[in-house]
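Build out the structure end to end from the sequences listed, making use of the hints.
Residue numbers (our numbering), protein chains in the order written: chain A, 1 to 111; chain B, 112 to 229.
I should point out that these hints are in silico values taken from the structure, not numbers from a laboratory.
Backbone N, C-alpha and C fix where the C-beta goes; we use that ideal spot for every residue, glycine too.
Honestly, I wouldn't trust all of these hints.
Stated by the list, open to error - Here are the in silico distance ranges between beta carbons for each label pair: (1) Gly-43(A) / Pro-212(B): 28 to 36 Å; (2) Lys-130(B) / Ser-21(A): 18 to 26 Å; (3) Asp-184(B) / Gly-59(A): 26 to 34 Å; (4) Gln-215(B) / Pro-61(A): 20 to 28 Å; (5) Thr-44(A) / Lys-130(B): 19 to 27 Å; (6) Ile-55(A) / Ala-127(B): 35 to 43 Å.
Take a look at the letters that make up each chain.
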Amino acid sequence: QSVLTQPPSVSGAPGQRVTISCTGSSSDIGAGYDVHWYQQLPGTAPKLLIYHDNIRPSGVPDRFSGSKSGTSASLAITGLQAEDEADYYCQSYDGSLRAWVFGGGTKLTVL
Amino acid sequence: QVQLVQSGAEVEKPGASMKISCEASGYTFTDYYIHWVRQAPAQGPEWMGWINPKSGDTKFAQQFQGRVTMTRDTSTSRAYIELSALTYDDTAVYYCARSYPRGQRPYWGQGTLVTVSS
Numbered sequence: 001q002s003v004l005t006q007p008p009s010v011s012g013a014p015g016q017r018v019t020i021s022c023t024g025s026s027s028d029i030g031a032g033y034d035v036h037w038y039q040q041l042p043g044t045a046p047k048l049l050i051y052h053d054n055i056r057p058s059g060v061p062d063r064f065s066g067s068k069s070g071t072s073a074s075l076a077i078t079g080l081q082a083e084d085e086a087d088y089y090c091q092s093y094d095g096s097l098r099a100w101v102f103g104g105g106t107k108l109t110v111l
Numbered sequence: 112q113v114q115l116v117q118s119g120a121e122v123e124k125p126g127a128s129m130k131i132s133c134e135a136s137g138y139t140f141t142d143y144y145i146h147w148v149r150q151a152p153a154q155g156p157e158w159m160g161w162i163n164p165k166s167g168d169t170k171f172a173q174q175f176q177g178r179v180t181m182t183r184d185t186s187t188s189r190a191y192i193e194l195s196a197l198t199y200d201d202t203a204v205y206y207c208a209r210s211y212p213r214g215q216r217p218y219w220g221q222g223t224l225v226t227v228s229s
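Below is the structure:
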């Protein structure tokens, strides 16, 4: 069972906007620790999509954005494209456990 | 640029041990912790623990206590993870990753596939 909670799946049609939530607790996201988001295509390593809650590494399209409030964070994808179909994971740090924590992952299906 | 380069894929028998290396470059090795994360087939990432390259201090996830060892060699900027008493459930891709002060991005190695097979 993952420390951070994500919906198992989300879906949307091409061009639409989808959001993926990531819910933690007062010892991780709620304590102000950074939230990172990863995209994982089948058979590949996770790719960093968003770091420090809302910063995109160079090369990541601005269709992807992150936000954080209280004990939750969200990843938004606008202008959905077929190539966005992948698994998405959130990650943070738990100050009580002194450990990295991950969400269980959300499978995005582009209809 | 920051790079973490891991050793190659391994096939191990049940009950054996595996040891993976992670060579860091592009930054001062002792300035950032190294974390180890694994991902079993069709599963999400699982944090295993970290090592402080400066002091050698370690912390492990409870489920790996007694079975995992993390070491480092500051002369070669390498971190190592060793996992003993392997079972089929240890088949996974193992990643090393650099810690991140607030506001900085994490960096990951390319991953090392460990297959436990008789």
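Structure-based check of each hint:
no. : hint                               : verdict
1   : Gly-43(A) / Pro-212(B): 28 to 36 Å : holds, 32 Å
2   : Lys-130(B) / Ser-21(A): 18 to 26 Å : violated, 38 Å
3   : Asp-184(B) / Gly-59(A): 26 to 34 Å : holds, 32 Å
4   : Gln-215(B) / Pro-61(A): 20 to 28 Å : holds, 22 Å
5   : Thr-44(A) / Lys-130(B): 19 to 27 Å : holds, 25 Å
6   : Ile-55(A) / Ala-127(B): 35 to 43 Å : holds, 42 Å
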